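Student: Okay, here's what each chain looks like letter by letter:
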Amino acid sequence: MRMDRTQRGWALASVAILAGSAVIYVLYAFGFPQGARGRSAIGLTFGVVGFAFMIFAALLGARKRVPTWRVGRAQAWMRGHLWLGFLALPIILFHGGFHFGGALTRVLMWLLIITVLSGVFGAALQHCIPRLMTAEVPLETIYDEIGHVRSLLREEADRAVESVCGPIGLRKTSDTEVRRAGGFTALRAIAASAVPLRTSAAVSAGASAAVAAAPEIILLSEEESAPLRRFYLQEMRPFLDHPERRGQRLGDGQKAASAFAGLQTLLSAAARATLEDLADICDEARQLQRQARLHHWLHGWLLVHIPLSLALILLGAVHAVMALRY
Amino acid sequence: MARTRTTKQLAQRIDLNYFKRPTPLKRAKFWLSVLLPLLALVWIAERTIFKDSLVYSGGRLSEPHAVLEKECAACHQQQTGAFSAKATDSACLACHDGPIHHDTQTKSLACAACHMEHRGRVNLRAASNQDCTECHADLKVSSGAVHFASHVHSIDDGHPEFAALRDGARDPGTIKLNHAIHMKPIRRGPNGPIVNLVCGDCHRPAVVSATWAYADFRSVDRTPSYARKVLDASFADNSATLKPSRPMSGRELMAPVKFATACAGCHSLAFDRRFEEGVPHDTAEVIDVFLRQKFAAYVATHSNELREMQNPDRELTGKRLPPSSRVVTPGQWVAQQVAIAEELLWHKTCAQCHTLAMTALPDTSIARWEAASAQSSGRGPTGQVESVVAESGPRPKIAPAKITTRWMPHAKFDHSAHTGFTCVSCHEKALTSTEASDILLPGIATCQKCHAPGAEHAEARCFECHTYHDWSKRKEVTPTFTLPALRSGEIGVGIRSNNGR
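Residue numbers (this note's numbering), protein chains in the order written: chain B, 113 to 438; chain Y, 74 to 574.
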């Protein structure tokens, strides 16, 4: 969620709550003989309010799991989660009088601090990364599908290379994977020995018929295609298999362009279109890799935030009950 | 032809059921969300199984209670059938008494109102000012009139000047002393060197055993006959002060100044040229006996002293003079010398510092001849020294010294905590005081220079000087704990059973 002007109402309300709480805390902490105490009436009130904020923030998860749950707009829930969750930290600090107390309360306090800080970090990332993603990854796809799309790109590249070099001895992917290949050289003819390719129309129809071989395609001789074959097998295919590996020339846009330009000088003009396709595939693979990386930043913090917040709620409830006892 | 892709084509490569497939990120999130709360639950369950309630502690206990750190039930006594196990006053009183502050106080506070536990290794006796000002900011008593300042908020807000310094109060002591003279370079005795006295040459706490610079070592070990009475009077504390809970170390207050250790080095109690030794610093009766014994012993070995020559100056009176020389009996001689010596002592030596009350002092000018003639008729023959020794003339009453050892009966002060500072930095009036009745106690303003609120100042809370509990009303506590119970965690059970009885 972006932190824009739409957050102003929540921001002002939160600042007002924080300021009011701070004033009450100062008056109470300096007015009471032993300073702020969690068990005093005001201390307990801070505790109850802080825990209520935490519960509300945690309920966002439930709200997301049950989208049909019509209790307020999702956006309002998200804003409430952000601001009330953030407020929980100072309110709970007021509750404890800035003392971390014993074992349980100390664990709770650190859980709360880490949860809130990770939340703030996440909110900052959620504010910045989507814009970055839009700018840098125009071919963005669903994160969960990145691996699959990448395999389709690999398949497409295999076929493109084989269309000019002939069979290069690579393992064929299953028909199911081919079916979701996405963009490819739809109308380009392929060599007689090529694997079945399908047009976008064919993909839409779900048909499995192969595209007829195009007579104008020229299959390069083994000697002519050797540079491409070597480049593909030694450099591009490994890149498409593992784009996350460091030090690969194709992982960098400029170096990749230079590599393809150099390759073009070694090949006949008939392979030019294929080379362009391969460069395009590499670019998409790079974008997907960039998307995956940004996605890890965008959602990785949740690995800390969510488990810790659940533990916090659980232990917070234990603390509330045991505080009543002792 | 270049790769052509439409949005539709891009969309078609997506598996519509992709969200049903777990990704590593989703899987990690799920398992962490299960495992971490589970871990927390296991931790709490494990602590519960092992009956370790310490995990719920609000913080560490103070040092005196540290031994009970794991013995929650020692203070948190759960009543049968009740869920709550809050710490109560009865748990505190099971180990130590907490006498009330004053009989006329209007509020009664729970122990935990001032002594809050679970705040770490803090001084549990360090109650906050608010604990005190709850009453003292607007002091009311249940009966009678309020005798204390009734609107005190802190040391720098409403705290009155020390009672000893209010309303032109004077030192009740009767010893005449000019502090200003003693603080300047001064001659030690009539023919002694110039010396510079420091406060510690005369004023020290009772337990300090360092050598006294101006003591008379012949009389240091001698216990004067008045000692018990004077010491009892000095340390008798009959005021309505709140007694401390623990015995004092002896370094808090200055001991009354003793003649033998502080004065005798300069102020000799010489009484006659024949003797180097002075009279003992004691009562007039003791001095009288001492003089008689001293002169009798002397005359026994100096019989030539019995033949006396009249002072030629007497001829100027115009009266008929007695024989120009005569021989007196030893008894007469002793009585005569004692009278002369006592005249010197009562009129000058003792009177220099002490206030003496005496109805009729002997006439100094004719004492020796009258004494001789008076004694001559009633005394025995020469050599009857013993009967002479028993005789006694008019003796003065020496006023009690009335040295005040504790100027602030409602507060405690510890000199040993202030040893880093020179005496006159607080007792600055000592440099200029000429009257013994001047009270040299520093005022509250002197204390406030260091003791003020704020981190850069010394402790300024009320407890630093004042005591809440009146420990003179202390009741002895029946022991409750046993070491085996402490080790086995059965302390709480023991307390409950004792309370039940």
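Be careful, since some hints might not be right.
Said to hold, decoys possible - Covered stretches of chain B (chain Y as the covering partner; in silico rule of three or more C-beta atoms under 8 Å from a C-beta of chain Y): (1) 121-132; (2) 256-262; (3) 385-394; (4) 408-421.
None of these hints come from the bench; they were simulated from the model. It should be emphasised that the depicted structure is a prediction, and the values quoted were computed from it without experimental measurement. The C-beta atom is built at its ideal place from N, Cα and C for all residues, glycine as well.
Student: Determine for every hint whether it applies to the structure shown.
Tutor: Structure-based check of all given hints:
no. : hint    : in the structure
1   : 121-132 : violated (count 0)
2   : 256-262 : holds (count 4)
3   : 385-394 : holds (count 5)
4   : 408-421 : holds (count 8)
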